[in-house]
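Number of protein chains: 2
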Amino acid sequence: MTAQRPADGTVGKALQVLDQVAAFGRPVRFSELLSGSGFPKATLYRFLQTLTSQGVLSYEPERQTYAPGLRLLRLAHAAWRQSSLAPVARPHIDRLSAEIGETVHLAQLDNGQVLYVDKRNAAAPIAMYSEAGKVGPAYCTGVGKAMLAFLDGAERARALDQQAFHRFTPATLPDAAALERELTAIRARGHALDREEHEPGIICAALPILTPGGRVLGAVSVTSSTARRGLEELERLAPVLRRAAEAIAAEAEAWRFPDDDDAMREAGAA
Amino acid sequence: MTAQRPADGTVGKALQVLDQVAAFGRPVRFSELLSGSGFPKATLYRFLQTLTSQGVLSYEPERQTYAPGLRLLRLAHAAWRQSSLAPVARPHIDRLSAEIGETVHLAQLDNGQVLYVDKRNAAAPIAMYSEAGKVGPAYCTGVGKAMLAFLDGAERARALDQQAFHRFTPATLPDAAALERELTAIRARGHALDREEHEPGIICAALPILTPGGRVLGAVSVTSSTARRGLEELERLAPVLRRAAEAIAAEAEAWRFPDDDDAMREAGAA
DNA sequence: CCCTGAGTTCCAATATTCGGAACTGGGTTT
DNA sequence: AAACCCAGTTCCGAATATTGGAACTCAGGG
Numbered sequence: 001m002t003a004q005r006p007a008d009g010t011v012g013k014a015l016q017v018l019d020q021v022a023a024f025g026r027p028v029r030f031s032e033l034l035s036g037s038g039f040p041k042a043t044l045y046r047f048l049q050t051l052t053s054q055g056v057l058s059y060e061p062e063r064q065t066y067a068p069g070l071r072l073l074r075l076a077h078a079a080w081r082q083s084s085l086a087p088v089a090r091p092h093i094d095r096l097s098a099e100i101g102e103t104v105h106l107a108q109l110d111n112g113q114v115l116y117v118d119k120r121n122a123a124a125p126i127a128m129y130s131e132a133g134k135v136g137p138a139y140c141t142g143v144g145k146a147m148l149a150f151l152d153g154a155e156r157a158r159a160l161d162q163q164a165f166h167r168f169t170p171a172t173l174p175d176a177a178a179l180e181r182e183l184t185a186i187r188a189r190g191h192a193l194d195r196e197e198h199e200p201g202i203i204c205a206a207l208p209i210l211t212p213g214g215r216v217l218g219a220v221s222v223t224s225s226t227a228r229r230g231l232e233e234l235e236r237l238a239p240v241l242r243r244a245a246e247a248i249a250a251e252a253e254a255w256r257f258p259d260d261d262d263a264m265r266e267a268g269a270a
Numbered sequence: 001m002t003a004q005r006p007a008d009g010t011v012g013k014a015l016q017v018l019d020q021v022a023a024f025g026r027p028v029r030f031s032e033l034l035s036g037s038g039f040p041k042a043t044l045y046r047f048l049q050t051l052t053s054q055g056v057l058s059y060e061p062e063r064q065t066y067a068p069g070l071r072l073l074r075l076a077h078a079a080w081r082q083s084s085l086a087p088v089a090r091p092h093i094d095r096l097s098a099e100i101g102e103t104v105h106l107a108q109l110d111n112g113q114v115l116y117v118d119k120r121n122a123a124a125p126i127a128m129y130s131e132a133g134k135v136g137p138a139y140c141t142g143v144g145k146a147m148l149a150f151l152d153g154a155e156r157a158r159a160l161d162q163q164a165f166h167r168f169t170p171a172t173l174p175d176a177a178a179l180e181r182e183l184t185a186i187r188a189r190g191h192a193l194d195r196e197e198h199e200p201g202i203i204c205a206a207l208p209i210l211t212p213g214g215r216v217l218g219a220v221s222v223t224s225s226t227a228r229r230g231l232e233e234l235e236r237l238a239p240v241l242r243r244a245a246e247a248i249a250a251e252a253e254a255w256r257f258p259d260d261d262d263a264m265r266e267a268g269a270a
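Heads up: the sequence lines are chains A and B, in that order. With the first letter of the first sequence counted as 1, position 72 gets the number 72 in the numbering used here; the numbers rise by one all the way through. With the first letter of the second sequence counted as 1, position 89 gets the number 89 in the numbering used here; the numbers rise by one all the way through.
For the record, the hints were derived by calculation from the structure and aren't laboratory data. Bear in mind that the values here come from a model prediction, so they are computed numbers and not experimental data. All C-beta atoms, glycine included, are put in the ideal place defined by N, C-alpha and C. Watch out, some of these pointers could steer you wrong.
Claimed, not checked - FRET-style restraints, in silico, Cβ to Cβ:
| id | chain 1 | residue 1 | chain 2 | residue 2 | range |
| --- | --- | --- | --- | --- | --- |
| 1 | B | Gln-162 | A | Gly-101 | 33 to 39 Å |
| 2 | B | Phe-165 | A | Pro-91 | 36 to 42 Å |
| 3 | A | Thr-211 | B | Ser-35 | 29 to 35 Å |
| 4 | A | Ala-157 | B | Arg-29 | 28 to 34 Å |
I would like the entire structure built from these sequences, with the hints used as guidance.
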């Protein structure tokens, strides 16, 4: 379950500790970290001190507990603005959720896991940080499978290795073989479905966001409940999702390579 | 302007590089970092490689540029949920913005800067990651001054040192002395005002969020424009803000020390 | 009063990082 | 075409930071 990072150098180890702290969903004591970290007491202690003094961890002397620090928010804000699809996708996501009247997710892949970078909830129209940054499994979510399906061989193999295959519901795909079959079907169909594989009663249709060259940038999805919609209904929305995904891909490319179209124009003119 | 971190150890230096990358609001080339970093080429290069391999930076081979990586989002999400006031303050912020019909900010202090951890915009009701994590100056914003005013001596001195005192508008306080005078007034009044000190036409009233012991946790503010409201109007909202701030403080304490009331109850009963 | 365990400090051995210098390869000037 | 330049990358001995066993402190029990 815990992604085994190579942990290159001191910096890698420090980040490993940071991850560990973040993984506890609560302030955590020294000894709790010590047992799970594999570091000797003194070493772990020094790491915690360094990270705290740097502000990426915060320490509560009162309780002697560590928690992720606010400095991370600042860094993440920069990451979100620069490296995520969210800024360019924002208007499209807005439009989708307004048109469809269901929850829309925008996700990217991070180390074999689904990382939600934006969300619109039609019912409660407050999209929150509490969603951006959230992670989930790839093998049993619509966005996850949509992205996995279109990774190229090597990347896909690596990503499949990182899946836990925990059976959340009876419909959860049980192993890599089943997932591979599903991914083939998804490539054929062009879109992915979540048939209550992660949460009972929750279904979803998702499309990958692909560069013209076919590289996976992310995925968009509509989520609903079996109470409100059928799978076929969601599937019928695929074309709408596709249009949004393609628009996002096009803008993302234009945004990342702002002078490429100039170059192309020149090439065309020449 | 650039906060001089002590940069303890290798980890500190690596984080310094990370900060530097994040500070450029765009993908950045090796050489751009090299000039501003103070590290020798080889050293910086190794840092960038390590950080990239760890996923806290992302590298675009195409363009040879670095940008903050998505792994930061996951970490920040944890920080936001655990270490920020946002989760406990959320309902209060919601209520405030609904009642008042203006933009409400929730901020905390991070290394002498204001860090916005949540926001409700009455007009466009989508609170976004793009706001949580944003940083701003402390010496010329309502929330900033509200927090500075109630820091204790040593902390305040340190924070004042970190202020840039850039004159954004004619009303911006020009130096530490003027700010200190203003902070004294704020302590007397109990609330802070931003009289177009950061942006022309933008005014705001803010209250600190204080523990029963008087420690600064954060601040809440209402922001409006001179076109829509007068300062006096905003000032009249201070009691409403105060109630919210006090409620947030109370809940934050209860949340951080979940068994303290048990302990007290026992103490009382004994 | 001693014991136990969590957290902290110390310091010599050691593995890492450091960084000057040399290399590569693409693009531009002479 | 050769020479040059610059950004980015690699190398390796010297310097340094990290390491972790062990000793210490302090609080709370037994």
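Each hint tested on the structure:
1. About 47 Å separates the C-beta atoms of Gln-162(B) and Gly-101(A), a value inconsistent with the hinted range of 33 to 39 Å.
2. Remark: the range hint 36 to 42 Å for Phe-165(B) to Pro-91(A) is upheld by a beta-carbon distance near 38 Å.
3. Judged by the Cβ atoms, the range 29 to 35 Å given for Thr-211(A) and Ser-35(B) holds: they are separated by roughly 32 Å.
4. Roughly 32 Å separates the CB atoms of Ala-157(A) and Arg-29(B), a value that falls within the hinted 28 to 34 Å.
Violated hint: 1 only; the structure is consistent with all others.
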